[in-house]
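Undergrad: In case you want the letters, here they are:
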Amino acid sequence: MNLANRRYIISGIIVFFGIIFTVRLFSLQVSSDHWKAKAAELTEERVLIYPSRGLIYDREGELLVANRAIYDLMAVPRKVQPFDTVAFSQLLKMDIHDLEDALNKAKKYSRYKASVIRKQIDPEDFARIAEQLHKYPGFYGQARTVRSYRRGVGAHVLGDYAEAGPSDIQKYPYYQSGDYIGKGGVERTYEEDLRGRKGMRYVLVDVRNNVQESLSEGRFDTSAVQGADLTLTLDADLQAYAEKLMQNKLGSVVAIEPATGEILSLVSSPTFDPNLLVGGKRGTNYKALQQDSLKPLYNRAIQGQYRPGSIFKMVQSLIALQSEAISPATRIPCNRGIIGCHGSHSYDDLKGAIIHSCNPYFHQVMKRMVEPGKNSSRFEDAHAGLDNWNQRIRRFGFGTNLNTDIPNVKTGNVPDAAYYDAIYGEKRWAYSTIYSLSIGEGELLINPLQMANLAAIIANRGWYMPPHVIQSIGTDGKPLAFRQPQFTGVDPEHFEVVVNAMQKVVEQTGGTARRARIEGVEVCGKTGTVQNDPLPDHSVFIAFAPKDDPKIAVSVYVEYSGYGGTWAAPIASLLIEKYLNDSIADPSKEQRILEAEFRGI
Amino acid sequence: MNATRRQDIRRNIDWVTIGLYAVLVLVGWTAIYSANYDPAQSEIFKFNADHGRQIIWIGVCAFIALILLNTEGEFFIRFSVISYALVLILLVLVLLIGKKVGGARSWFGVGSFGIQPSEFAKTTATLMLAWYVAQAGSRFKALKTRLTAALIIAFPAGLILLQPDAGTVLVFAGLVFALYREGLSGNILLFGFGAIILAVVAILTGASTLDYPLLGEQSGIFALLLGLILLGGLLIFGVRGFTLPRYRPKNYRFVLAVLIASLGFSYAVNYGVESVLKPHQRERIYVLFGMNQNPDADYNIRHAKAAIGSGGWTGKGYLNGPMTRYDFVPEQHTDFIFCTIGEEWGFFGSFFVVALFVVLILRIIALAERQRSQFSRVYGYGVASILFMHLLINVGMVLGIAPVIGIPLPFFSYGGSSLMGFTILIMIMLRLDAERFSVFR
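Chains as they are written, first to last, in my numbering: chain A, 10 to 610; chain B, 2 to 442.
The set of hints was computed from the structure by calculation and includes no laboratory data.
Every residue gets a Cβ at the ideal spot worked out from N, C-alpha and C, and that includes glycine.
Among the hints, erroneous ones may be present.
[Said to hold, decoys possible] Per the computed footprint, the stretches of chain A lying under chain B, defined by three or more beta-carbons under 8 Å from a beta-carbon of chain B, are:
1) 42 to 54
2) 348 to 355
3) 360 to 370
[Claimed, not checked] Ranges of calculated distance between the beta carbons of each label pair, as one might list FRET restraints:
4) B:LEU162 / A:LYS102: 42 to 50 Å
5) A:LYS88 / B:ASP51: 23 to 31 Å
6) A:THR154 / B:GLY110: 36 to 44 Å
7) B:ILE68 / A:ILE29: 44 to 52 Å
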C-alpha cells in the first residue's frame, strides 16, 4: 500500500468527526427546543410587582384602613449554606424543629425557588433579624403589605385581609401561594377593586440569582395597576359609639340612612379590634377569637337569624291595608282565648293595636289574609293564602339578602305553603297551625339588617334602596345597583297610620318605648320582646327619626336582656341622638347602657 | 542569505494558513470579550481583565510568529533534541516547584502571569519525533525504532500525567496519526477504535449489576467477559470451517491473542474505573453515559449544553447570551469558550468555527504532504494531530459526547501559554513549508 494514500484515511477521520460535531450541534440547537426551555428556566425569572392595595375611608373621609409593611422570611434552598440552626432559631424566635421542618419543606418544593420560612414578621422584629441576615446566605426578607386599622372599629364590616388559602388559589388563577386576598366584608366584596392588578417584570438573572437586566428591554413587562381606594357609607364616629353602647352585650345594631340605603353603622357584639388579626400574632389571636364561646367572629347583624316578634306587626298591618283585608278603622276584640296579650285594652283599632301590640288583633289580621274563605276547604284556602302572603312579605326584603354588598348574609326564613307541606304534609295544616307567624314568632326568621331595612321602608313610606356600605370606588362613584329603589308594593298612604302609631309608641305616656324619647326629635319606633324560654327574652327595637324627614333608621337586638323597651329602645335612641345632635343630652341614660351587661347563660 | 531568497520565502509562505490562523485568533478573542462582557466596563484595552490581557498575548504571539517565520528551518531541526530535553527538564521541575492550580501542578508562576510547560511540550515532542523518524529513515520499519518513537511521545506524556493533566496526555496519543502516515500498521488505528468501543461497553456493563444464575447479583462485567469468550469460541470454529488448514494455526493464534487481550483490557478498564479513578473522575465518565446518581455531577455539562442548545439557528446575538455572560457556564472563557459561540452565534456560528478548524487541519495535512523532507512531513502531521485532538476532546466535551476533560480550544480559550504554544507549533510548520523548494533533506 502506498503510504501517501494514508493522508486520505487521516483526512477522512478528521472530516468524519467534523460531521459528527455538526450533527450533534444540529440536534442540540435546531432540532428541539428542549435546551432553549432549559436555558430560559435558568436565566429568566418573572418578578411580580405588587400594586399597593386601595385604602378605605369612612363617609366623612376619615382613613379607616391603611397599609403597612410586614416581612416574610424567605429562603432559596440552593443558596443556603450550612449554618448554626440554634442561633438562627433564637434570632427568629422560632422553634428549632419548626425551622428545620420549614427548610425541608422548602427543599422539597424547589431548590431554586424561594419559599417562606417564617411568615409575618413585624418591622421592629425584622430590623433586628436583618442586621444578622448576612451571616445566613440564602435567606432574605420579602416585604408584604398588610392592613392597619386606624380606628379599630367595624371589624365585621371591613372584613379580613389574609393569605390566600389553597382553595382560593385553585379557584382564582390570579393568586399564587403567599398572595393575600380579602376574606370577608368589604375586603372580599371589593377585592378586585382594592387589589388592583399585579405587574410582571421579566428579568435575566445570573447564576447567583441576582437580577441583571430586563429581558428584551422590558418588551414583555406589564406594569402594576394600583388598587382603587374605597369610601364607605359608614360613619366611623357613629360606628365607634354603637360598639361602645353594645359593650358587654350580645346582639347587633344596624343604622341605615333611609333615603339612600347607606349603612351608617353595623355592629355585631361582641366585636374585636381588627388589628388583632394582622401581623405575627394573627395565628394565636385568630385561634382565641375562634374558640371564644361568645363567638366574636360571627357577624350577628347579617348572620343572626331571629324571630322578629312584635316589630313584625307593622309589616302585617301594611300588607293587610294594601290587600284591603282591613282598614285603619277596623276594630277587633282582644280575645285572649286563642293567643295571649298584655296591657289593658279590649277593642282596638289598627293604631291602638300597634301601640298596644295587641296579639289577638294581628291573629285576626293575618287570618283575613291567609284564610279569607275563598275556598271551602280551609286547608286549601290557607295554602293559597299563605303563598300570597309570602310574596307580599318577600317584597320587604325578608327571606332575601337584600342585594347588599356585605357578603355571607343569612337570608332568614319566610315560610310558604311548600315549607309547611314538607313539615305537616299536604292539606294537613291550616291557619290554625301557623298563626304564630302573625305576631312574628313561629318559624319566621329575620336578620337584624332586614329589621333595620324595615325601619327604612317605613321611614320612606314604601320603598328602600338595597342597603350597602360602599359610597364610591376610586373615582367611579357608587355602583348603579345601589341607586335603584325597590318598591314593596304598599302604597304610601297606608303608612300614615303605622307611622303615627310608631310615634305614639315612643311619645305616649305608657308607650312601650318611652325610653327612646329624644328631646326635640320626633322618633318613631316599635319594640319587640322575643320569647326565649327558659332563658331571658331577647330585646328588639326598630326606629327611625325624624318622623317627617327621616335621616336614620335603626334596628337594635340585644340577646337575653328582657323587654324590648328596657334595653334595645334606649340604645337606639342614644344612637339616633348622637347621629342627629352629635351629643347626648342626658349622660345618665348613656351611663345606664354602658354599665349594663348581658351574657346569656 | 541573499535578498532573492528572502523574497522567495515570503512568496512561499502559505498565506491561506496564516489567514485561517488570524481568523481563529480574532474570533477567539471576540468570544473571550463576550464571556467577560460587563456593560459597565466595556473598554477593550482593559489590561487587568482577561480580554485585555489576551490582547497582550496576541501581540506577543504576532511577534513570536514574525521571529519564527524569519528563522532558518535548519535551526528547528538542530534545535529539536535540545528543546525536547529542555522541556523535559521543565516538566520535571514543574512537578517539584510548580504552582498547584485546580488540583494539578502544571504552572510556573511569574507574578500574575503563569506559564505552562506542557503547552510547549507538544511542540518539542513533535519536533523530536520528526527529527528521530527522519534520521531513522528506512529503519523505521524496525520494531526497535518504532518503540523508540513511542518512547519519545510517552516520556513527556508520562510526566504530564503525573501533574495530572489527562487531557494533554490524550493529545500526545494523537501523534500516533503521524506515525501511521510514516508506515505504522493500520491495525494500530483499528485496535485503537476497537479498544475505545470495548472500553465503552466495559464501562457500561461494569456499572450495572446483573442477577446471574447460581452466582446471584454480580457486576455486569462478567457478562461481557463471558460474551467475549463465546465470541472467541465462535471465531475459532469459523476459522476451522472457512480457512485452509495451513493457515489455521496462525489464525488460531491470532484469535486467541485478540481474545486474551480483549478480556484483559475489558477487565482492566472496569477495574480502572471502579478502583483507580478518583470519585469525581468516575462521576464524569458516568455523566457522559447518563448514569450518574448525583444531581450536581452533570451541572457543568448540563449548563454547557443549555447554553449551546439555546442558540438555535442564528444565536442570541453577540454579547447577548445570558447563559455565558451570567456565569451559568463554568470556565466559560477557557475550557468552555465554545459555549459562547454556540449561544450567541447559534448553529451557523458553531458550524463555521468547527468548519474553520477542520479546514485548517486539512490544510496543514496538505502542507505536510507537499514536503520533500520527511522531517517537515512528520512535523506537519504532528501539528495536524495535535490540533485535531484538541478539537475532538474540547468540542466533544462541551457538546456532551466526550467526558469532561479540561483542555483548551486552540486559539479560543483564554491563556497565553496555550495561544503561544499553538502559534509556535503552526509558525514552525509554515517556515518549514516556505523552504520546501530549497531544502533537500
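Undergrad: Next, verify each hint and record whether it holds.
TA: Hints versus structure:
{"no.": "1", "hint": "42 to 54", "verdict": "holds (count 9)"}
{"no.": "2", "hint": "348 to 355", "verdict": "violated (count 0)"}
{"no.": "3", "hint": "360 to 370", "verdict": "violated (count 0)"}
{"no.": "4", "hint": "B:LEU162 / A:LYS102: 42 to 50 Å", "verdict": "violated, 57 Å"}
{"no.": "5", "hint": "A:LYS88 / B:ASP51: 23 to 31 Å", "verdict": "holds, 26 Å"}
{"no.": "6", "hint": "A:THR154 / B:GLY110: 36 to 44 Å", "verdict": "violated, 56 Å"}
{"no.": "7", "hint": "B:ILE68 / A:ILE29: 44 to 52 Å", "verdict": "violated, 38 Å"}
Of the numbered hints given earlier, the model fails hints 2, 3, 4, 6, 7; all others are met.
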